[in-house]
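*Asks:* These protein sequences, in sequence, are chains A and B. Number 114 in our numbering belongs to position 114 of the first sequence; there are no gaps in the numbering. So our numbering is basically just the index in the second sequence, starting at one, shifted up by 1000.
A couple of the hints might just be wrong.
[Claimed, not checked] Subject to a maximum C-alpha distance of 27 Å in a straight line, what follows is the list of computed DSS-like cross-link-like pairs (lysine-lysine): (1) B:LYS1201 to A:LYS591; (2) A:LYS591 to B:LYS1050; (3) A:LYS375 to A:LYS234; (4) A:LYS591 to B:LYS1158; (5) A:LYS151 to B:LYS1050.
It is worth saying that the hints were derived from the structure and are not from the lab. It should be emphasised that the depicted structure is a prediction, and the values quoted were computed from it without experimental measurement.
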Amino acid sequence: MLQQIREHSSGWISRVVIGVIVVVFALFGLENLGSLFSGGSSKNDVATVNGDGISRQSLDEQVMRLAQSGNLPPERQEQARGQILDQLIQQKLLDQYATKGGMTVSDNQVDQLILNLPQFKSGDGKFSTQQFVERLRQIGYTPDTFRDYLKRDLTTRQLQNGLVLGSFATSAERERITALSNETRDFRYAVLDSSNLTAPVEASDEELHHYYDQHKEQYVRPEQARLDYLVLDKSALAKNVSVSDSDLRAEYANQAKDAARQVSDIVISEDDTQQAKERMQQVQQQLDNGASFASVARQFSDDKASASNGGDLGNVTSGIFGEPFDSTVAGLDEGEVSKPFEFDGALHLVKVTGIDMPSFDELKPQITERLQLQKVNSAFDSAVEELGDKSFSADNLDGVAQDMNLPLQHSDWVSKESDSVEGVLSEPGVLDAAFASDVLNNGYNSDVLDLGNDRRLVLHVNQHREQQQLPFDQVEDQVRQAVIAEKTRTALNELAQQRVASLKQGEQVTLGWRSASQVSRDADTPDSAIINRVFALPRPEQGNHSFGIAELGGNRVAVLDLASVGTQSGKGDEGKVANTIRDAQGNSVSKGLLDLLNERATIERQ
Amino acid sequence: MARDIKDIDLEDEQSDAFIAWWKRNGVSLIAGVLLAVAAILGWNAWQQHKSNQAATASQTYDQLMELTSDFTKLSDTQRSQVSQLADSLADDHGNTLYADFGRLIQARVAVDAGDTGTAAASLQQLIANAHDDFLKQVATINLARIQIDREDYDNALKTLDIDMPDELKAQQLSVRGDALVGLQRLADARKAYQAALDTAKAQQMPDYGIRLKLDDIAPQEAS
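Let's have the full structure, built from the sequences with the hints guiding it.
*Replies:* Laid out in structure tokens, this is it:
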């Protein structure tokens, strides 16, 4: 493009264009010009929604926040990534809908909310900046990212509130639904099972084959593969890194330098330098003779306030007094006394009486982990590179595993939509990579997949089998069960229909009847299949009964005899019913909108 | 010394070349710069204007939400405030979703106060001016429900007679069933309710009330 501009720079159009570019650069900086051309997505995205990217970083951050809040145990984190990504996608869809519809929340509105949130108020009920920053840190936000989050959250809430607050129940609806939900029914029922049949149900070979032929699609095994895979995990790598004791001590000492120290101070303040030096010598003499620092301070120190406390200044962090006080204090271990030094126009002698820091042994595991991670960084990067190079050129992963000393893991048969996979294989993109044509059919090793959290995975298809119709012999038992169940249900239905026909004739029918009176729709007993069917029977006309059949689970069928319909009073009052109607409407419009947005969106993962 | 003179000559040559170049290109370069500056300033002013507009709409809507956030009956004063807010969203920010939501909420408040006339009117306004198809369809269903409440069953059926996305079909069919029950066309009502149940199931939508209404009009079978 630049070449073309130069070639045609005699033309006035390109001169104007250059002028424009110069000014844009000057006012916006390079970054913005880049974003003008690149659009909303980039390579680092885990998904795009209508061309708008969701970055891997934002997914990682969201997982981390949930983990930090304690709502997501570490062992579930990786599995949850997929769900969290789904949530981010849904959020993005709503954002886009709201933004397109001109909905937005201003910085001012966000700030108002922040100022009023009780979580950020200190004891006196006023907004506390310190508390604000502290709380945000706990939940994994910076003030800027939190503001962005609130902005999106408030906009989404405006959207959802609009749908919910616009939902209502008309008075006709609430009357009708209230009356219907207060209805009760009096009836009797008898449950029939295979023991009620005169002859046991049997299935002939012919019937089995016939059923199998009719239901072939139920006896198909999907395309499957067995996978070999390698996982490179930075934190696992780090655990093998040895850290020497001297390194640990050095790091501990390093941290100790910054820790707050409890300091006692003896101040000699004389106009005459010589006199001051002499008095300081006296002080040191006393200390050498074994007098305690506190008693000497009480006797000699010219800082009366601290002298009465034995020179104690309390906890001192660097920056309070400044140099050379800070560096002198930082150089002292617990119990050590400094040499005399001049500071702020006086001579000082300081003693560190305590360091506000856990012991070395307590901190050792923490420091070890940190040093290991530091050390492993470059090792991990080169291991990732090595993994990529080696797996790219190798026919399978056996040699790569050996060379890199990584355990080669093997999966059982998995299919593309397999819910049965667990662990790393269930993470987004892994099965997709396994069933990509190059990997599945050509036997190449997959690319190095970035699973997030500093983990990489490479996989190889060890065995592959196409979707297969399972032969009858392999599934005969399953087929037999299905046929027997179906025939039993048919026979029981016929039997029940005969009984119903007799009842309609007004005959006495002897069955194991049970009676049920004043049963409401939401009653716990009898079986809900019976209740639902009883309520779907026509209201019996005066003096008559309504009859019906209900299919129950476990290959059972019930004969139903409905005597009368009544009303229970006071249960579902109109107010409650109105709420339920409104909620149901609000929910189904909200869900409807989201479904519609999903349906119309172009969503790409990875 | 000689070398210095040569250098000066060179500089002269360069500045001559520059002046010549400037004479040829200067005007259009300056024009380009001015054009860009004007465009950026104009763009910023337009953005600023738009964001001010948006902020006003958003704040007005916040007031409306606050006023109507619990479902208790509002006083007459509060109701007229609701109408004012909804009107101002519709008049000043008609091309935003806020305008549509304002009308939906205004209708709900009127229904709760038993004023179905106002409710119907505000939904009709929404339908006439809707910014968003989905909300227009929601408003259409709501309008039909209000017409049924006013026992205006024929018009309710007419109102409902539009294309809906699958996501709203279950509600559309259920309300259609209600209108048909009002007209005592029970066989048709049963068909509508059954279709509503099937659609709700296919869409994994809640089917609250539909089953009750369908069961309520179960036919006296002959079999």
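*Asks:* Work down the list of hints and note, for each, if the structure agrees.
*Replies:* For each hint, the structure was consulted:
1. The suggested pairing of LYS1201 of chain B with LYS591 of chain A holds, with an alpha-carbon distance near 13 Å, which does not exceed 27 Å.
2. Between LYS591 of chain A and LYS1050 of chain B the CA atoms are separated by roughly 31 Å; this puts the pair beyond 27 Å, and the hint is violated.
3. With a C-alpha separation of about 11 Å, the suggested pair LYS375 of chain A and LYS234 of chain A falls inside the 27 Å cut-off, and the hint holds.
4. Restraint check for LYS591 of chain A and LYS1158 of chain B: the C-alpha separation of about 26 Å stays at or below 27 Å, so the hint holds.
5. Between LYS151 of chain A and LYS1050 of chain B the alpha-carbon distance is near 17 Å, which keeps this suggested pair within the 27 Å criterion.
Consistency with the previously given hints fails for number 2 only.
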